Amino acid sequence: MPTGTTSEISTFKGQGRRLRADRIGVAGLLLSVVAASAPLMVTAGVMPTTYGTMGIVGQPLLFVILGAVLTLFSLGYAEMSRHVHNAGAFYAYIARGLGGTAGAAASVVALVAYSAMQFAIYGIFGFELSGLLDEHLGVRVGWWVPALAAVAVVGALGWLKIDLNAKVLGVLLLVECAMVVAFDVAAVGSPGPDGVSLHSFDPQTLTGAGLGTALSFTIASFVGFEQAAVYAEETSRPQVAVARVTFLAVGFVALFFALASWALSVAAGPSRITGLAGDEGPNLLFALSEDRFGAAFTDAMHLFYVTGMFAAMLSFHNVVARYAFAMGREGLLPAALGRTSRASGAPAYGSLLQSAVSLLAVAVFAVTDDGPHGDPTAPVQRLFTWMGNVGALGVILLMATASAAVIVFFVRRGAARAQAPRLVAAGAAGLILLVIVGYAVKDFDVLLGADPGSALRWILPGIVGAAVVLGLGYGLALKAVRPEVHARIGLGNEAFRLEEAAQAAAGTAGGPARPHGPTTTGKVSS
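Counting in this note's numbering, the sequence shown runs without a single skipped number right up to 535 at its last residue.
You may find that some hints are simply not true.
Label pairs and their computed distance ranges (CB to CB) [to be verified]: (1) A424 with L141: 48 to 56 Å; (2) I468 with V490: 25 to 33 Å; (3) G287 with G447: 23 to 31 Å.
Since the hints were made in silico from the structure, they are not lab data.
Being a predicted model, the structure only gives us computed values, none of them experimental.
Yeah, the Cβ is synthetic: ideal placement off N, Cα and C, and Gly gets one too.
Could you build all of it, start to finish, from the sequences and the hints given here?
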């Protein structure tokens, strides 16, 4: 493409396909990925549901166990990040281990899963903010009004430099974490009728029919830690920063949520927590906080509960934009998506695409509200619950597949003996994650709060299944029709460096330079 354009979008063949390096350090990267976990949203929303709906008193222990499982997963995943630096993260890793066709399938699943997670948060964000406007300002608007405003603001921030995004995410994250920690301290200082009890860490509290469902529901709280690899091209030392942040994020999320869920059980009392959570639902945290801090603190917590959702939306938006960028750069999506903004170095067209899709998703759910004025719980019951569980299922499936890809990648490189502990850990984590996927699909009606006979229990997980089938079909079609694109899947910038080297070698040898096109081997040295 010509290089003399005045457009803000970079069209220089090499630079336009590269995200700008040295934009984000370890601290900014950690804040960006942990923000996706939305600490206040999980504490107020996920934890009461696990306590109340699934009756699992041992939720704090569940966070510790899942933290250990995801640490096992991270041992191989982080090692892979030292060898593959690609904004496509999951699909790039899977392509490098299991081949281009599997990589194409993973790219579709990643787009669907992370987009679904973002759509879910738009729903609950709009619902909560519209409630706050009505309660405190007397302004009554439909949930979709603040949701659409959020789409616009998130889209604008997604166009800007990632370091600026990291600062926005960091401020919001630190405030919400501080409020949860304040509650934790107050709960221990002023416990419920059972006193300061460690009963919720007793393994016997994990027995019951709801355990499998609770595993599926709780692991969704960790989604975000794996996103560090998406920013590998934008860090100064990706071979160090990505691995470090991945482990820090897993450890922080596991510890933070284990303590927060324990504090909830202490404040209510282990003997009362399931019943109280069932009665209060998402209001549990705020009710317990008001008893200890008063209404002013609770109102502030509710405000930062909403801003924490905004931080999570922005985090997921940035991730999806980079997946779209990576796919456009490699030919899986239109090439225009693989271009960056000249001013910010951000994946501009990928951000625009995600904003457009988010706008459509919010609009579809808005016009399908029940009742003459729209069902006020629709964004929570449908957009948040439906899309959140679809997204979580897709990400867990990607993690399980990536575990297999890590093993194959290092075995093919002849590094199986050197990497044996990590490969064993990856295999164990992959098997456990597959079990959780099985529980999630089997109990999807419980996750949705739907009737066991509801068609949604199969239709919604079927979205992830359809993404797998579509992606595999697309990968096979590319292999047959455009093998040069298929060979480039997962290589990112390395494919273009190989082409440039081949062209330079051909020129030095006096032969005709190869036309600009992808490598056909799909193999590079790390």
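Outcome of the hint check:
no.: 1; hint: A424 with L141: 48 to 56 Å; verdict: holds (54 Å)
no.: 2; hint: I468 with V490: 25 to 33 Å; verdict: holds (31 Å)
no.: 3; hint: G287 with G447: 23 to 31 Å; verdict: holds (26 Å)
The structure fails none of the hints (numbered hints given earlier).
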